[in-house]
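Number of protein chains: 2
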Amino acid sequence: MGIVVVGSVAYDTVDTASGHRDNALGGAATYFSIAARFFAPVSIVGVVGEDFQPEHERMLVDRRIDIRAMERHPGKTFHWHGRYHEDMNKRDTVSLALNVFEGFNPTLTPDQQRCDYLFLANISPELQYRVASQVTAPKLVAADTMDFWIQNARPQLTRLLERLDILTVNDEEARMLSGEHNLVKAGRAILQMGPKILLVKRGEYGVLQFSKDGMFAVPAYPLEEVVDPTGAGDSFAGGMMGFLARQGRLNESILRTAVVYGTVMASYTVENFSMDRLLELTWEEIDYRYRAFIELTDSHSNRWNSPS
Amino acid sequence: MGIVVVGSVAYDTVDTASGHRDNALGGAATYFSIAARFFAPVSIVGVVGEDFQPEHERMLVDRRIDIRAMERHPGKTFHWHGRYHEDMNKRDTVSLALNVFEGFNPTLTPDQQRCDYLFLANISPELQYRVASQVTAPKLVAADTMDFWIQNARPQLTRLLERLDILTVNDEEARMLSGEHNLVKAGRAILQMGPKILLVKRGEYGVLQFSKDGMFAVPAYPLEEVVDPTGAGDSFAGGMMGFLARQGRLNESILRTAVVYGTVMASYTVENFSMDRLLELTWEEIDYRYRAFIELTDSHSNRWNSPS
Numbered sequence: 001m002g003i004v005v006v007g008s009v010a011y012d013t014v015d016t017a018s019g020h021r022d023n024a025l026g027g028a029a030t031y032f033s034i035a036a037r038f039f040a041p042v043s044i045v046g047v048v049g050e051d052f053q054p055e056h057e058r059m060l061v062d063r064r065i066d067i068r069a070m071e072r073h074p075g076k077t078f079h080w081h082g083r084y085h086e087d088m089n090k091r092d093t094v095s096l097a098l099n100v101f102e103g104f105n106p107t108l109t110p111d112q113q114r115c116d117y118l119f120l121a122n123i124s125p126e127l128q129y130r131v132a133s134q135v136t137a138p139k140l141v142a143a144d145t146m147d148f149w150i151q152n153a154r155p156q157l158t159r160l161l162e163r164l165d166i167l168t169v170n171d172e173e174a175r176m177l178s179g180e181h182n183l184v185k186a187g188r189a190i191l192q193m194g195p196k197i198l199l200v201k202r203g204e205y206g207v208l209q210f211s212k213d214g215m216f217a218v219p220a221y222p223l224e225e226v227v228d229p230t231g232a233g234d235s236f237a238g239g240m241m242g243f244l245a246r247q248g249r250l251n252e253s254i255l256r257t258a259v260v261y262g263t264v265m266a267s268y269t270v271e272n273f274s275m276d277r278l279l280e281l282t283w284e285e286i287d288y289r290y291r292a293f294i295e296l297t298d299s300h301s302n303r304w305n306s307p308s
Numbered sequence: 001m002g003i004v005v006v007g008s009v010a011y012d013t014v015d016t017a018s019g020h021r022d023n024a025l026g027g028a029a030t031y032f033s034i035a036a037r038f039f040a041p042v043s044i045v046g047v048v049g050e051d052f053q054p055e056h057e058r059m060l061v062d063r064r065i066d067i068r069a070m071e072r073h074p075g076k077t078f079h080w081h082g083r084y085h086e087d088m089n090k091r092d093t094v095s096l097a098l099n100v101f102e103g104f105n106p107t108l109t110p111d112q113q114r115c116d117y118l119f120l121a122n123i124s125p126e127l128q129y130r131v132a133s134q135v136t137a138p139k140l141v142a143a144d145t146m147d148f149w150i151q152n153a154r155p156q157l158t159r160l161l162e163r164l165d166i167l168t169v170n171d172e173e174a175r176m177l178s179g180e181h182n183l184v185k186a187g188r189a190i191l192q193m194g195p196k197i198l199l200v201k202r203g204e205y206g207v208l209q210f211s212k213d214g215m216f217a218v219p220a221y222p223l224e225e226v227v228d229p230t231g232a233g234d235s236f237a238g239g240m241m242g243f244l245a246r247q248g249r250l251n252e253s254i255l256r257t258a259v260v261y262g263t264v265m266a267s268y269t270v271e272n273f274s275m276d277r278l279l280e281l282t283w284e285e286i287d288y289r290y291r292a293f294i295e296l297t298d299s300h301s302n303r304w305n306s307p308s
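Those sequence lines, one after another, are chains A and W.
Throughout the first sequence, residue numbering follows my numbering, covering 1 to 308 in sequence.
Throughout the second sequence, residue numbering follows my numbering, covering 1 to 308 in sequence.
Do not take every clue at face value.
To be verified - Where chain W lies over chain A, by a calculated footprint (3+ residues, C-beta under 8 Å):
1. 181-190
2. 205-216
3. 220-231
4. 251-258
5. 289-296
If you're looking for bench data, these hints aren't it; they were derived computationally from the structure.
Using N, Cα and C, we set each Cβ at its ideal position, and we do this for glycine too.
Excised from the complex, chain A in its bound form (with noise of 0.2 Å):
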């Protein structure tokens, strides 16, 4: 039932309307694996840098989150500073360092070649499919990607493609990869490209999911205050594959269910920078907020029959 996941763990500067955040732990493989860990266990495949400090090592292994896969190499961690706009559905990257990222070939260990679920954080599609490669029998890959690959690994991209049950992308990375300006058309066409998934996120908007069941859309959660958006994909994305690895089973009502438990996971992480919301959540959080958004949400069926 383990899930491994493969992407960046970095410390991020953040600059948000709330304030600024200096080397704050970050990193899609980090958020992910903290918010999938309270559904399933879940293993790193990452690498670090020799800054990476002992304190933000002991937050994971305390977590039951398996680094033996998280390398330590020589130079530094992966170094992110990003800015957003007001309308935080923007952000400008400041500056980023790949640092030890840049030389990144993850390898995975034997028991994390025999995982069930297994999911490609935003890195580059060459590397997704090297990792989806090693895996022997998974029962579902996903992945996550970025318009800088879009543009400029389009092959690589579309050969990962044909391997992935779910795809995760923002409104415009779906726009880019399909061509198409509407989103209902970009998700078609997507899923013609091998995907069987598609989850488009909206941001404050929340989230549009195409399958061959047709489509699915729920809102984001309604905050009052979104401090630090840094992580909210990763965080959903750990919500939804925390879910299914914990069903085991996929079928249209899991998997609505996980993007809901996904969407749930995205608000907590917003609500503060970095993880120290995640960090401190509890189970009785989820499920609160879980139920608040299946009421935020139920259009108590009242239909009415024409008079006709």
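Using the hints, position chain W against chain A.
Structure of chain W alone, referenced to chain A:
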């Protein structure tokens, strides 16, 4: 059970990515009535010019929309020319000629004064208030407004808000009216100003409903093609008010269903220019999309309890 709507009856010239339409039938009261008429009797309070075409008058009468209080004045009908961006949530007003609408002084017939449901489409809050004052004992009063009135007629708008059951605005207007960027805070602040219910229209991202019973979030119905978004908000209001009038009573469950029917009507409106799609719509289609919408948003509760 009748609904009275006061607002514009217009001719629109519209440019969208899908094409161009000259002098097509438009206006808030028109869109509203045609949508609402599927559910309940409607009468219009409005004004048109000498150029208002007999075929349009006949169409309204044929649909049993009461136009006895739609005055015909010397001069031309209100004309609006709008141009939509490729992102159809954005539009520019190319030109606007109030024409006979400039001296509009709405007067309700004795029948209309006894109506149960009143919708004050987007006109000056001064006029909206004057109309509301003519209605003897309404069950429910709803109003729409826009940025111009929020900025230029704040005292009149404030006085109106105190007597509203429902206010509909878009997200930018909600922010402007409340002075809060965050929509949840904005929604709560606006409820403090008077309306019992606030419906925030977010275009392709759906509607966020605020009331004392909490929030309700609905996505827009995802469409493969949006031809012309003009009238979406007014036909949303028409479907919503029509359903409420049909029910004759109000609770959270009925309100949510009304919002879904409003969303369904808006989704059809934008599929073609002007009212073309609304005018050929059947009850079977409304019912079909209502059910599709419920399916689209049904999260199939599959809650998994904590392992603790």
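Structure-based check of all given hints:
Residues of the region 181-190 of chain A with a Cβ under 8 Å from some Cβ of chain W number 5, which satisfies the need for three, so the listed coverage holds. Check on the region 205-216 of chain A: 6 of its residues sit with their Cβ under 8 Å from a Cβ of chain W, so the three-residue criterion for coverage holds. Restraint check on the region 220-231 of chain A versus chain W: 5 residues with Cβ-Cβ distances below 8 Å, three needed, restraint holds. Taking a C-beta to C-beta cut-off of 8 Å, the region 251-258 of chain A contributes 5 residues in contact with chain W, enough for the three needed, and the coverage statement holds.
With a cut-off of 8 Å between beta carbons, the region 289-296 of chain A has 6 residues touching chain W; three or more are needed, and the interface restraint holds.
Of the hints listed earlier, there is not a single one the structure fails to meet.
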